[in-house]
Structure formats: C-alpha cells, structure tokens
Amino acid sequence: MDAEQLARIQFAITVGFHFFFPSISIGIGAIVLALETFRLRNRHGKAETYDRAAVFWTRFFALTFAVGVATGITMEFQFGTNWAQYSSFVGDIFGAPLAAEGILAFFLESTFLGLLLFGRGRISSRARWFAALMVTVGTLLSAVWILIANSWMQTPAGYEIVDGRARLTDFFAAALNPSTLPRYFHTVSAALTAGAFVVLGVSAWWVLRRRHISVARVTLPLALVIAFLGSGLMFVTGDFSGKQVAATQPAKFAGMQGLYTTTAGAPLIIWSLPKPQDPASDPQGPEIILGRMLSFLAFGNWTAPVQGLEAFPQQDWPPVMLTFLTYHNMVAIGSAMLLVMLFGLWYLSRGSVWRRRTWLRFAVLATPLPIIAIQLGWAAAEIGRQPWIVYGVMRTSSGVSRVVPPEQIAISLGLLVSLYVLLGGLWLYLARKELGHGPAPAPDGTDDELPDEAAAPRPTPRPAGA
Amino acid sequence: MAENGFLQAAWFLLVGVLLVGYAVLDGFDLGVGMQHLTTARTDEERRILMNSIGPIWDGNEVWLITAGGALFAAFPKVYATVFSGFYLALMLVLAGLILRAVSLEFRSKERGRAWRTTWDVAFFVGSVLPAVLFGVAIGNVMRGVPLDSQGDYAGTFGGLLSPFALAVGLLSAAMFLMQGGAWLLLKTEGALRARARRTALVGQVATLVLWVFVTIWSRAEAPALWDRFGFIPVWLAPVVVVLALVAFPVLVRRGRAAAAFATSSAAIAAMVGTLGIGLWPNLLPARDQGAPLTASLTASSDLTLTVMLIISLLGLPFVLTYTFWVYRTFWGPVRLDEHSY
Numbered sequence: 006m007d008a009e010q011l012a013r014i015q016f017a018i019t020v021g022f023h024f025f026f027p028s029i030s031i032g033i034g035a036i037v038l039a040l041e042t043f044r045l046r047n048r049h050g051k052a053e054t055y056d057r058a059a060v061f062w063t064r065f066f067a068l069t070f071a072v073g074v075a076t077g078i079t080m081e082f083q084f085g086t087n088w089a090q091y092s093s094f095v096g097d098i099f100g101a102p103l104a105a106e107g108i109l110a111f112f113l114e115s116t117f118l119g120l121l122l123f124g125r126g127r128i129s130s131r132a133r134w135f136a137a138l139m140v141t142v143g144t145l146l147s148a149v150w151i152l153i154a155n156s157w158m159q160t161p162a163g164y165e166i167v168d169g170r171a172r173l174t175d176f177f178a179a180a181l182n183p184s185t186l187p188r189y190f191h192t193v194s195a196a197l198t199a200g201a202f203v204v205l206g207v208s209a210w211w212v213l214r215r216r217h218i219s220v221a222r223v224t225l226p227l228a229l230v231i232a233f234l235g236s237g238l239m240f241v242t243g244d245f246s247g248k249q250v251a252a253t254q255p256a257k258f259a260g261m262q263g264l265y266t267t268t269a270g271a272p273l274i275i276w277s278l279p280k281p282q283d284p285a286s287d288p289q290g291p292e293i294i295l296g297r298m299l300s301f302l303a304f305g306n307w308t309a310p311v312q313g314l315e316a317f318p319q320q321d322w323p324p325v326m327l328t329f330l331t332y333h334n335m336v337a338i339g340s341a342m343l344l345v346m347l348f349g350l351w352y353l354s355r356g357s358v359w360r361r362r363t364w365l366r367f368a369v370l371a372t373p374l375p376i377i378a379i380q381l382g383w384a385a386a387e388i389g390r391q392p393w394i395v396y397g398v399m400r401t402s403s404g405v406s407r408v409v410p411p412e413q414i415a416i417s418l419g420l421l422v423s424l425y426v427l428l429g430g431l432w433l434y435l436a437r438k439e440l441g442h443g444p445a446p447a448p449d450g451t452d453d454e455l456p457d458e459a460a461a462p463r464p465t466p467r468p469a470g471a
Numbered sequence: 176m177a178e179n180g181f182l183q184a185a186w187f188l189l190v191g192v193l194l195v196g197y198a199v200l201d202g203f204d205l206g207v208g209m210q211h212l213t214t215a216r217t218d219e220e221r222r223i224l225m226n227s228i229g230p231i232w233d234g235n236e237v238w239l240i241t242a243g244g245a246l247f248a249a250f251p252k253v254y255a256t257v258f259s260g261f262y263l264a265l266m267l268v269l270a271g272l273i274l275r276a277v278s279l280e281f282r283s284k285e286r287g288r289a290w291r292t293t294w295d296v297a298f299f300v301g302s303v304l305p306a307v308l309f310g311v312a313i314g315n316v317m318r319g320v321p322l323d324s325q326g327d328y329a330g331t332f333g334g335l336l337s338p339f340a341l342a343v344g345l346l347s348a349a350m351f352l353m354q355g356g357a358w359l360l361l362k363t364e365g366a367l368r369a370r371a372r373r374t375a376l377v378g379q380v381a382t383l384v385l386w387v388f389v390t391i392w393s394r395a396e397a398p399a400l401w402d403r404f405g406f407i408p409v410w411l412a413p414v415v416v417v418l419a420l421v422a423f424p425v426l427v428r429r430g431r432a433a434a435a436f437a438t439s440s441a442a443i444a445a446m447v448g449t450l451g452i453g454l455w456p457n458l459l460p461a462r463d464q465g466a467p468l469t470a471s472l473t474a475s476s477d478l479t480l481t482v483m484l485i486i487s488l489l490g491l492p493f494v495l496t497y498t499f500w501v502y503r504t505f506w507g508p509v510r511l512d513e514h515s516y
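Chains as they are written, first to last, in our numbering: chain R, 6 to 471; chain P, 176 to 516.
For reference, chain P alone in the conformation it holds in the complex (with noise of 0.2 Å):
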C-alpha cells in the first residue's frame, strides 16, 4: 500500500524506541513488583517499594499505550494479527496491568492486615504476570507463528506456549528483576537495599544465563533472524549486551548505584534492539504455514506515517523532558510521608 521504505523504516524503528522506553523504564516499575513480597518484609519497606515508583510508574505505563497506539498507527495488520492472535495471553497481561494499578492506589488506604496483604500478593501477581507474558509473545514473535491466507493467527492458543517461548517469557522476568533490583538501589537505604542488591545479582545471572541459552537455542528455533548478522557492525547490539550484563555485577559491588541502573537499562535497550536487527523488514515472521507480515506489507499510507511522524517528532521531546524533571524531582532515597502511597 505504501511506498516509502524510509518512513517505514523509521517507524519500524519508532516503535522499537517505544518499546524500549517501556522495557527501560515499566521494567523497573514490574521489577520492584516481582520482589515486593521478598525483597521487603515489613509493612513500612513495602510502602517505601510502592512508594519508590509511586510518582513514575504511571507515566512509565503509558510507554506501552503508546507503543500499542503506534503499532495500530503505522503497521495496522501486524497490530490486528498479533492482538487477535495472542487473546487470552494480552487479556492475562491486562488482567495483570489492572491489578497493578489499582494494587497500587488502594493498598494504603486502609489500615488492615488482610486488606494490605491482599493487594501485597495482587501487586506481585500483577507484575510477574505481565513481566513473564511480555516474554511470551516476544518469544512467539521471535519463533514466527502459523499465519493464514489472510495474514491472520492459525494456531491455537496451546501453540503459543512452546518450550522456547517460556524460556524468553523467563528472561523477560529475570531482566525486569535485574532493572528493578538496581532501581532500588537509588531508591532505599540499610537492609532493605542490601536484599534489593542481592536480588539485582541475583537477576543479572539469570538474565545472563537464559539470554546466552535463548540465543543459542534461537539458532535452531529462528534461524531467520541470525540472516542479518552476516553484517558485522550490527554485531554492536549483542556486544553491548554481553558487555553492559558483565560489567553490571562490578558497578553494584562497588556501590555505583546509577551506573548500575544505566548499565542495566543499556543491557534491555540492546537486547531490544538485537531483536528488531534480526527481525527486519519482518514485523511477524511465519512459521508453518503462511507468508510473514512485512513492514512494507503492513504499512499506512506515506500520509498517515508522515503525519504520525511529525507529531512524534514534535511531541517527544517534550515527554523527555518533564520525564526528564519529575525523575529529578523525586530523585534520592524514599522518604514516606502523610502524601505517601
């Protein structure tokens, strides 16, 4: 339909930015979630956990909404195949997003024991849900799925939860875990950060571990998506990766707290992008049966990706920037106050 490779390039790319944004940044929020009820123990460190993304993690949300209103925006079918496709999956995602929110606003409005601890487990279930089944469907995408005559989903839900797709749906835990341990370590103090440094170590290996397996095994699983590395600059993504993994266990022992947090974030930004190298110009390879959703197969029109391009480029600087000002207002350890969650 439409012609310019160049916009579609750009927005295969745009929503790759979104997405990172999201995995950088929701990452952390799904992090501190997966180890709300390990990391902290009393009541008062689980309203400093709730509290240490308290301002954010709503803004930080909207990376997802965005992400998905541009997908819809720019490759209208992929949006359709992948959302129609993975049903009961998103809808356990949105089950899971719904819990963490709301777990969020309501916990600390009312003083009881069961009433808090109800919406402790709803947090924690509401990030690992989500953390796991983002994987899941990255995993999927990575694999390719039956694809019918009309470009749409032909396999059944059992399909998408093959051995390879769970191993991602754990690496995506395992990188959240890391991004939230070290998100914590900006933001608590004494024991509580002590537990928080453990479990960022303890998400580095894994994260490690299951990236090495998963790449490895990705050779048999999606050979399609080694084609692209014959070209050995974009050998970079996969080489940061291993090298900001590595050196992330040295900043956190030397107490280099936002180093760590960069590194970590600079781990899950080229992890996403190592990806989005391989899969291009697919946007949904096919597996099976069916041929595979292409960028240029699937694109709007040179109009819509133009306007929708010039608002981006127009808007986005903007939500950098007062991000940028309310991360720096609220930057520093917790401190719980009568306003507090």
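If we strip away everything but chain R, and leave its shape as in the complex, we get (with noise of 0.2 Å):
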C-alpha cells in the first residue's frame, strides 16, 4: 500500500475511534446539567435522587470523556504529521478554529469538568451547577469550531488561492460556509440522541432488572423525552443538510442517492441494492422507493432535475456504493430510533412506560443505535467528498505528507490500532462495570419499587442488590 491509503486507513480509524466518544459524551454532559438543575431547584422534592443521577453519569461522562481526549490529541497532531501538504494549503483557514476551539471550548470543559468531579465540599451546589453548565457550553462550542473546520472542507467559501496556498479573505464567509450551520445543527442534535439512548437504554436495562429504580424514574423520562425531541430534530436538521449537499455538491448527493442519469422528478430509494451504473445489470431486489420524492425533498419541486454521476467526470466521483451505502443505512437506522421513541413517549404519556417490558427491551438494545447512524452519517459525508480533500479544491492525493515514508505510516498506524483496542476493550469492560454497579443506593429502600407500585402495599421485600 502507498503512503496515501495508509494515512487515509489511519486517518478513518483514529477519527471513527475519536468520534464515538465525545459523540455520546456532549449527550450525556446535557442530561447532567439537565440533572443538576432539577437537582437545584429541588424538582418535585427530589434533590436527593437528581443528586445521586448526576453524580453516577458524571462519572460515566467522566470515563468517555477521557478516552475522547487521549484520541482527540491524535487529531490535533495529525493534521500536520499525514497531511502536511494539506496543512500548508489550508492553515491559513483550517488552523484558526482549531486554535479556536482550543481557547474557547477545550480549556472551559476540561477546566470544569475537574471542578464538577473532584470539587464535592470544596465548591457550592450553585458552584457545582455553574460547572456543569460550563462543560456542557464547552462541548458545544467545541462542537462549532469542529464543524467550522470540517464544512469549510465540504464546502470553502471566503479565501482566494494566492501562490498555492488558499487565503482567508472574509472570516465571517469562511466560518459560516454553506454547509457550516445545517451540519452543526444535524451533528449536535444526533449527539444529543446518542447520549440521551445510552441514558435511556441503561434506565431501561434496571427497570427490567428491578435496580436502581429511584434514579431510573428521573432519568427514564428525561432521557426519552431528550431522544424523542433529539430523533425528530435529526429528520429536520437532515433534511436542511441535504438540501445544502444538493445545492452545493451535486456530486457528493448523486453518490449519496445512487443516481447516475439525471432525472427531472427523481424518486426517493428508501430501501434498495445499490444500483450499478448499467440499468441492464440492475440486482432486481426488494425495493421501496418514492417517486419523484428526491426532486421534492431537495429542491422543493416535484419535477426538478437531479444531476446524476453522469454530469460530472468520472475521476470527480465519490466511491458511489460505500457513499450510497452508509448515506441510507444511516437514513435506515435514525427512522428505527425515531419509531422506537414514539412508541415510548406513547407509553410515557399513559403511564404505562415501566410494564412494557417489550418495550423496555427495545429501549436497551436500540441503545448503539445512534452512534452507529452517527458513525455511517459521518462516513458517508467524508467518503461523499471524496475524490476531494477540500471539496472542488484540493484533490485528497495532494494533500498527504511527501516526506513520511509508509514504512513509518504503518508502524504508527499498528501503535495506535493496537493502543485503541486496548482503550475500546477497558472503556467496555469498565463502562459495564460502573453501569452494573450504579448510583448510590436510595436511603429509603425504593430502589426496587416501580411508581405504579408505590402507592399499593408493599409485597415481601426483596433481599438488597437483588
């Protein structure tokens, strides 16, 4: 393999591996701070249970936020070591919000975050709160300068390219380029599901097992509302983000909607093989698709004309099936999440969300549901920009490092694949662990008394830890 393929591999895991963590991390970091404000208000008399859930899922955000910075540090540097053509190219633009997003976000959260775990007796319960609220900001605001960097990949806007390298001309064009505030928008509303599904789903897991009820009961609805509100805003955001893709990277959409003749009233494939560039070859299996749907949901017109491959060079595509692939799975699997989550807010609504085991099952095994639709979003809209590094500008071949051999490439790329499975494999083994053992228990013995129960007489106690 060359030095390119072998960046790229690299390149792919470390920010897949990255991307899980503060994927479900800036999730969580909102349901604490959720937490910690009905924990300061006294909400319904619970400042006791919000006290015990928010300290149990700042622990948990704890552990994955630290794995999430052990690998963001990988990213940081390896612009420069893998990509060192395509560092000199952009740093002009690309370099300012990660210097940004150092400034502004990472110093807040990482700052905060050791104030909110090891500041108990030493800082106030307003104090505490503030915390809280300041990690949450810095994960967002992290999330903005990211994602100001990465669009302004997708779709560059406000530079000129002077002696071979692009130059900032308008800050405020480049930072909100087409694709910045829908793909803010998309990802920050999709982490939000991911971490809201994690609670959920654990919630869930010791309803059916009868543990920790007094937390499930304040983490249960808060978490499934979140996931409702955050599955729903996904098909919004997703819905802005595709317009955008197919207004300015007519390629990148052909490729993610397996078009290849341009059609005016293109339809929609909800569910199909992909579909080979030869009608003749076609696969012929079970499909669903709408008609003319595509035309409609990208330009608001019924009969417009979607470009297909064809209007473009061929060595301009993206790779169309991986792109086709993981643009409708993802598709696929937010629609699971949203079904799941009406069902839920149903019960919820009726009181009936503690005795429906089916559905409480559901709960916990759509729980990696949203990171999975937040890894394959993720690929299809770097794999969809290919042949591209900077999308129309830069080709991805150009933009890797001349001077690294792939000698060398290889040996950092066994090091930190091995440092990985290592890191996944504890992360699991622990998280299990810590979501096993639990918050503290209730001081009233409630930890096994469903809400519908609480009013009926007590049956026979069940022995602690049961």
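Keep in mind the hints are simulated off the structure, nothing from the lab.
A virtual CB, placed ideally from N, CA and C, is assigned to each residue, including glycine.
A few of these clues could be false.
Only some residues are given here: those of chain R computed to face chain P with a beta carbon under 10 Å [claimed, not checked]:
#1 Thr86
#2 Asn87
#3 Trp88
#4 Asp175
Derived pair list, reagent style EDC-like, types lysine to aspartate or glutamate, alpha-carbon separation capped at 16 Å [claimed, not checked]:
#5 Lys284/P / Glu439/R
#6 Lys51/R / Asp449/R
#7 Lys438/R / Glu285/P
#8 Lys280/R / Glu315/R
FRET-style restraints, in silico, Cβ to Cβ [said to hold, decoys possible]:
#9 Leu213/R / Ala437/P: 55 to 65 Å
#10 Val377/P / Asn47/R: 52 to 62 Å
#11 Ile377/R / Ala369/P: 49 to 59 Å
#12 Val409/P / Val241/R: 57 to 67 Å
#13 Tyr502/P / Tyr434/R: 29 to 39 Å
#14 Leu511/P / Glu412/R: 41 to 51 Å
#15 Leu420/R / Gly365/P: 36 to 46 Å
#16 Asp512/P / Leu234/R: 29 to 39 Å
#17 Leu188/P / Pro279/R: 49 to 59 Å
#18 Tyr502/P / Gly429/R: 25 to 35 Å
Take the two lone chains and join them into the complex the hints point to.
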C-alpha cells in the first residue's frame, strides 16, 4: 500500500474511534446539566435523587470524556504529521478554528470537568451547577469550531488562492460557509440523541432488572423526552443538510442517492440494493421507492431535475457504493430510532412505560443505534466528499505528507490500532462495570419499587441488591 | 504572503506563551508521573500523587493542544514541516499522552494489584516519553534540520537522535522532574513530602548542570542562536534562569513551597524565553541544506492573524481567570475521598 492509502486508513480509524466518545459525551453532558438543574431547584422535592443521578452520570461522562481527550490529541497532531501538504495549503483558514477550539472550548470543558468531578465539599451547590453548565457549553462550542473547520473542507468559502495556498479573505464567509449551520445542528442533535439513548437504555435495563429504580424513575422520562426530540430534530436538520448537499455538492448528492442519470422528478430510494451504473445489470432486489420524492426533498419541486453522476467527469466521482450504503443505512437506523421513541413517548404519556417490558427491551437494544448512525453519517459525509480533501479545490492525493515514508505510517498505524483496541476494550469493560454497579442506593430503600407500586402496600421485601 | 511584521512577532510570542503555559503547567503533571514509581511507594501514596493533578491535568494538557492549533493557524508551513518531519517521535509522544490520560482515569477503578501496578507503570511511561521527546524535538529545532527546496524535512528518523538533541531531551526531563517535585511539596505531607523534596532537589541539580552544559554546547551546535545575544538587555532571560535555579534549593530547604514552585516555573519560562530570543525570526532553522523557515515566510495572512489575535485576547483572560479559580479551589495537600481517583 502507498502512503496515501495508509494515511487515509489511519485517519479513518483514528477519527472514527475518537468521534465515538464525544458523540455520546455531548448528550450525556446535557443530561447531567438537566439533572443538576433539577437538583438545584429541588424539582418534585427530589433533590437527593437528582443528586445521586447526576453524580453517577458525571462519573460515566468522565470515563468517556477521558478516552475522547486521549484520542482527540491524535487528531490535532495528525493534520501535520500525515497531511502536511494539506496543512500548509489550508492553514490560513483551517488552523484558526482548531486554535479557537482550544482557547474557547477545550479549556472550558476540561477545567470545569475537574471542578465538577473533584469539587464536592469544596464548592457550593450553585457552583457545581455552574460547572456542569460550563462543561456542556464547552462541548457544544467545541462542536462549533470543529464543524466550521470540517464544513470548510466540504463547501469552501471566503478565500482566494495565492501562490498555491488558500488565503482567508472573509472570516465570516469562511466560518459560516454554506454547510456549517446545517451540519452543526444535524451533528449536535445526533449527539444529544446518542447520549440520551445511552441514558435511556441503561435506565430501561435497570427497570427491567428492578434495580436503581429510584434513579431510573427520574432519568428514564428525561432521557426519553430528549431522545424523542433529538431523533425528530435529526430528521428536520438532516433535511436542511440534504438540501445543502444537493445545492452545493451535487456529485456527492448523486453518490448518496446512487443516481447515475440526470433525472427530472427523481425518485427517492428508501430501500434498495446499490444501483449499478449500467441499468441492465441491476440486481433486481427488493426496493421501496417514492416517485419524484427526491426532487421534492432536494429542491421543493416535484419535477426539478436532479443531476446524476453522468454530469461529472468520472475522476470526480466519490466511491458510489460506499457513499450510497453509508447514507441509506444512516437514514434507516434513524427511522428505527424515531419509531422506538414514538412508542416510548406514547407509553410514557399513558404512564405505562414501566410495565412495557417488550418496549423496555427494545430501548435497551436500541442503545447503540444513534452511535452507529452517527458513524455511518460521518462516513457518508466524508466518503462522499472524495476524491477531494477540499471539495472541488484540492484532491486528497495532493494533501498527504510528502516526506513520511509508508513504513513509518504502517508503524504508527499498528501502534495506534493496538492502543485503541486496548482502550476500546477497557472502556467497554469499565463502562459495563460502572453501569452494573449503578448509582448510590436510595436512602429510603425504594430502589425496587416501580412508580405505580408505590401507593400499593409493599410486597415481601426483596434482599438488597437483588 | 503576509506583510505585517508586528502581527507575526505577536504570534511568535503567543505561540511561545502557550508553550510556556504548557511547560509550566503540564510540566508538573509529567514530573509527577516521572516520579510516580519512586517517590510514591504505597498504594495510598500513589493515589495521592495521581489526585494531586487529578482535577487539573486535563486542562493543563489543553495548553499543548492550543499551542499546536495556534502554530497551525499562525505558521502553517512550520506546523506541517515539524509534524511530518518528526513523525515517529510525535507518534511516540501521542502514545505516551494517551497512556498517561487513561492510566489516571483507569487505575483506581479496580482493586487488583496487577491492574494497579500495570497502570502505575503506564502512568510512568506515559509521562517520561513525552517529557524526554519534547526536549529532543526542541534540540532539533535549536540545531536546525535539513530542509528540501519546498521547505519539508529532508533528513531521516535517525538524524533526529543526535547527541545534542538527546541532551536537550534529558534537560527537559530534569526540568519537569524539578517542577513535579515542587508541585508535590504543595500537595503532600510527611514522608511522601520528604521524598518529593529530595526528587525536586535532584531535578534542580540535573537541570542546572544540563542547562549549562547544553548552553555551552550550543555555541558549537547552534551558533546562530547566539547572534541575538550581542544585545545586552536580552541577557535578562538567561540571568533569570540562573538566579531561579540557584534560589530554588534555598527556598525548598526553608520550606517555602509556594515560592519554590513559582521559582521553578520562572526558570522554565525563562529557559523557553531564552530559546525564543535566540530563534527569532526563525521558527525552524535549516542545517546542512535548505533555507530556514522564518516567521515572515511562513506566517498566515494578516486577516487570519488579526482574527485569531482578537479571539485569543478575548478568550485567554477568561481561561486564566477560571484556571486560577480551580487552582485556588484545590489548593493545599490532597485529601482522598470517595470521588478521588
């Protein structure tokens, strides 16, 4: 393999593995903030329960955040180590958001997380709430800057090319390039959803096993509402994002939709095997297709023409099959998530959610769905951007470091992959352990009492920890 | 590309300030990790060491991330050349920082002896590797590196391991050891503190000896660094280094822990400052072949530097304020509780 392929594999693995962690910690951070707020306000007189819930999820947040930080430094270094030509070409524009992310976001989240984790007994109750607020603000700000940087690679704006280097001409045009806002809101709603699904899945698991019910009673409804709103927002923001791709990255859009021929009134493929370029060799598998829907979704007009890949030189095509598959599976998983949440919200409003064991099992099984959808969506966005490292401006093959020999990349790849396998395994092991151990027990011994049982006389007491 | 010399100098200074911030703050984290296996002997002592940096190490590491981002934003070509040229060394730094981060988080999650010992060793390795390799990288920047016609690194991995660069690697490790010892004087008590005190003094002697040695050697290895010292006022920086390093053991022996820590920090800042004075206007001198990467050749556009300067000047006062607040909150010896590592 050559240096470019190795560098791309290394980047894909390191960014995919890294993004797993922030994608859930953003949502869990927001839930911790909500719990801290309810604790401070003594909502329903349950300050003590909110306190135990907040402490538990803060610890889980910290475990996840630590691995996110550890793997995040790799990203900050990797542009220079493996993509030096790219770095010197775009540094004038791309470096600034990375530096701003450090100054305005990373300091905030890591400093206040220290306070939140270790500060009990040293800071006031209000200060602890403030620390949770700053951690959440930090994670959301960090997403702003990294998405500005990444979106500029998708839809570059506010620059000119002088002496073979991109040069900033308009800061706001570059920062708020056409894809920044749709992609920011889509990513953040997905991340909120991912965190909420983790809290929801864990709470549902506790309810099924009748453990830590006092905490699950406050976290399950909270996470369910956030997960529902987040899954819904993902569709709304995904629609904005799709319209932006159709308007500004037509070849990527055609790749996502598997559309080879420019079509007026193009159909939307909901489910299908990837389409081959030659219609005669279509595998003829099962499909669900909505006629003219793609034209409508992309341009708000049932008969608008959608450009097919044929409109672009083949050397500018993304890898069509991968782009198509990652994109469509993301949408399918997103739909499944929304469906689970619709049922959950219905049961919650009827007060029967605690007894719906089948639904609770689905909620447990659905825990990783948003994380998978996020990885697929990210892959669709970045694979669909190929063969460009800066869309339409610089090819990925021109961005790779000239002076790093393939053997050295192979060594670093081996080193990072072994470290990451170790970290991933340990994170799973420790996360499983923390979740099983759960929060501190309820002082009044109501940890095995479902909400609708509380009023009834208590059945024979269960042994502690059952 | 850019025209405004003031902006370029400001960014040279700012990248330097960020690096000083990193060396002073994460410097003591690394120094604590370096003595983790020797200064601390029992499980409780090791927990105290880890918790002495528990609430703050992560924020301290952000100084490095921000310095990297600032170098990328302000002098992209230097970022690209240094990071791709020093490839394997930086990958080892990364591996070290990853190990350090997770060993802090993971160690006390299990009770088993083997588990804890493994992470103790990982914490040590993850602190020593970056501490030495940062110095090796600085040593190479001091000597200069071979650069090709496009300003990329033209040497080999072995070429980075010259005796001079390795000596600077030892110097940075000694400096962090002193800083870590000084930090522990503030955070520990009793027998543990007595051992930290010895480590701090060993670190101080090693730093002083190695610094004098490297400085004299740099006359031969990096003579261009001395050019600027014809101008007498800049001698202030190396004079501060010497004064601080001489005052440090006196303050330690008198039990003035806070003053000793401040003095050690001043010595580190002045060492970085001395180097910065010698380098300017180069960011990466060339050796054997090629032209040096200077501030004016590699700087980003005036617009980028201006926008970034505004962001930094607005952001850094906040950073310093809440960082100060957090340090004050956790001031004083470590007390272990259920929320500790």
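Structure-based check of all given hints:
1. Thr86: Result: holds, 5 Å to nearest chain P Cβ.
2. Asn87: holds (7 Å)
3. Trp88: holds (8 Å)
4. Asp175: Interface hint status for Asp175/R: holds (8 Å vs cutoff 10 Å).
5. Lys284/P / Glu439/R: Given that 16 Å is the threshold and the Cα spacing comes to 9 Å, the pair holds.
6. Lys51/R / Asp449/R: Within the cut-off at roughly 12 Å; holds.
7. Lys438/R / Glu285/P: Status holds; Cα separation ~10 Å.
8. Lys280/R / Glu315/R: Judged against 16 Å, a Cα distance of about 14 Å means the pair holds.
9. Leu213/R / Ala437/P: 55 to 65 Å: The hint (55 to 65 Å, Cβ to Cβ) holds, given that Leu213/R and Ala437/P are roughly 56 Å apart.
10. Val377/P / Asn47/R: 52 to 62 Å: Given range 52 to 62 Å: holds, Cβ gap about 54 Å.
11. Ile377/R / Ala369/P: 49 to 59 Å: Distance hint for Ile377/R, Ala369/P holds at roughly 54 Å.
12. Val409/P / Val241/R: 57 to 67 Å: Holds, at about 60 Å.
13. Tyr502/P / Tyr434/R: 29 to 39 Å: holds (33 Å)
14. Leu511/P / Glu412/R: 41 to 51 Å: Given about 47 Å between the Cβ atoms, the range holds.
15. Leu420/R / Gly365/P: 36 to 46 Å: holds (40 Å)
16. Asp512/P / Leu234/R: 29 to 39 Å: holds (37 Å)
17. Leu188/P / Pro279/R: 49 to 59 Å: holds (55 Å)
18. Tyr502/P / Gly429/R: 25 to 35 Å: At 33 Å between Cβs, range holds.
In summary, this structure violates none of the numbered hints.
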